[in-house]
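Participant: Residue strings, one per chain:
Protein chains: 2
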Amino acid sequence: MAPNTGSAGHKYRRIAADLQAAIDRGEYGPGDRLPGENVLAERYNVAVMTARQALHLLRSQGIAESRRGAGFYVQSWRPIRRRGITRLARDQWGSGKSIWEADENRALDVDQLRIERTTAPPRIAEVLEIEPGEALTRSRRYLLDGRPVLLAVSWFDNGLVDGTPIAVPDTGPGGVYARLADLGRAPVRFNESIRAQLPTEEEAERLKMPPERAVLRIVRTAFDADGKAVEINAMVADSAAYILDYEFDA
Amino acid sequence: MAPNTGSAGHKYRRIAADLQAAIDRGEYGPGDRLPGENVLAERYNVAVMTARQALHLLRSQGIAESRRGAGFYVQSWRPIRRRGITRLARDQWGSGKSIWEADENRALDVDQLRIERTTAPPRIAEVLEIEPGEALTRSRRYLLDGRPVLLAVSWFDNGLVDGTPIAVPDTGPGGVYARLADLGRAPVRFNESIRAQLPTEEEAERLKMPPERAVLRIVRTAFDADGKAVEINAMVADSAAYILDYEFDA
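First to last, the sequence lines map onto chains R and H. According to the UniProt record's numbering, the first sequence is numbered sequentially starting from 1. According to the UniProt record's numbering, the second sequence is numbered sequentially starting from 1.
Hint data in this document are derived by calculation from the structure and do not stem from the laboratory. All values reported here derive from a predicted model rather than from experimental measurement. One thing to keep in mind: the hints can contain errors.
Remember, identical chains collapse to one label, so a pair may be satisfied in a single copy or spanning two.
As the list claims (entries may be wrong) - Computed list of lysine to aspartate or glutamate pairs in EDC-like fashion (alpha-carbon distance at most 20 Å, straight line): (1) Lys228 - Asp249; (2) Lys228 - Glu129; (3) Lys11 - Glu202; (4) Lys97 - Glu134; (5) Lys228 - Asp18; (6) Lys97 - Glu205; (7) Lys228 - Glu131; (8) Lys11 - Glu205; (9) Lys97 - Asp249; (10) Lys11 - Glu203; (11) Lys208 - Glu104; (12) Lys208 - Asp145; (13) Lys11 - Glu247; (14) Lys228 - Glu247; (15) Lys228 - Asp245; (16) Lys97 - Asp111; (17) Lys97 - Glu126; (18) Lys208 - Asp182; (19) Lys208 - Asp226; (20) Lys11 - Glu201; (21) Lys208 - Asp111; (22) Lys97 - Glu203; (23) Lys11 - Glu116.
Take the sequences, apply the hints, and build the full model.
Facilitator: Below, the structure is given as structure tokens:
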């Protein structure tokens, strides 16, 4: 991330790339110990610090993990496969399930839930067709086995959801989409747009991830039968924790 | 990317984050000049080198571009919005169009086209249900306005495509999917799986991008009417060049 650090910078990337390739070939499996910094320094004829940088790079990218005083190991944590289309099928939320229950059946916990009347940025207000001051947000963080993996902020027209279960912490079975259906505004179509970018400082802190690892930014817009946007959900996912999966007909 | 460089490392990220936020708020538009390193150094009371690191970080992430001797400017290049589902509709390739023509009508050029008989990694051979030695690949690089944006390697069963237009450079109207249809193996269903990771050295070189900016890895599998995989396309996209878009029914 720092400006080019010259030949040492180049070398640590080279070492990290070699280790990554060995992991990809299956020479080191999940949980296996990687060569230590002294071994790598000798093998590549570089300073121990350079070898250490290579291991730190793999750790920052979520490929390796370190154990205090015991070196570096191939990450044994399996990423979540998020089934983008199945999970949003009406069969899912219409039957009272949580959306993420479609994701390989790995149960997520929610914390940092906050609901507030707030001012929407112009672009969000425009899509929801509301005055900027007329927005309500549901913010939350998702954790898997105690590890934060995703931040989400859903934007609604406060005039639509005020006084409904969407404006209180527990939305009930099937979540906000089932409640929008109760209001006669069931989502019938979704758009998800995806970018990879670095996290902001706040995002990196809340996701407990290093600032030099990318996040996946997913913006979902839910449309009702009249083509009106009923929710915009801006998500930020740790890129080491997620595989996004879309399956569809030709 | 280097291990924590202490408080200077923290500060340059803070400055970069502030500039990024100002760009997001629209205070600096595409092509606008950003404050110079001397101005930033004074404003934040840091060394000029620290201010420079902030600007280099924005450049490495594709948010700013530098002009020789003239400072840093907000990136004026607009990312490609890739319509994941529309572009693969049979209407598209069935009518003789290139798949990427659905992407906001921005014409891509192809270079580095290479077709070869090769050995497939075990996982690819398994999905294609072939012996590892029975694979044929089409590799190519895509450019927009001369800028490399995407690498792609498509894997096929050589026994299926040998002697067909899929095994020669020009596949004809509608590309490989139209030719698979000619062979009675039209794709009827697609799966795309997406991850964000750092590029390998070779990928960064071919995409002419800095090694500390993430790529989007997209693996598409095309299935025929019998549910057999007829193509696996492993793509690597510069994350600064692409927004991936999926639109689908509930």
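Participant: When the hints from earlier in the document are held up against this structure, which numbers fail?
Facilitator: 4, 5, 6, 11, 13, 17, 18, 19, 22, 23
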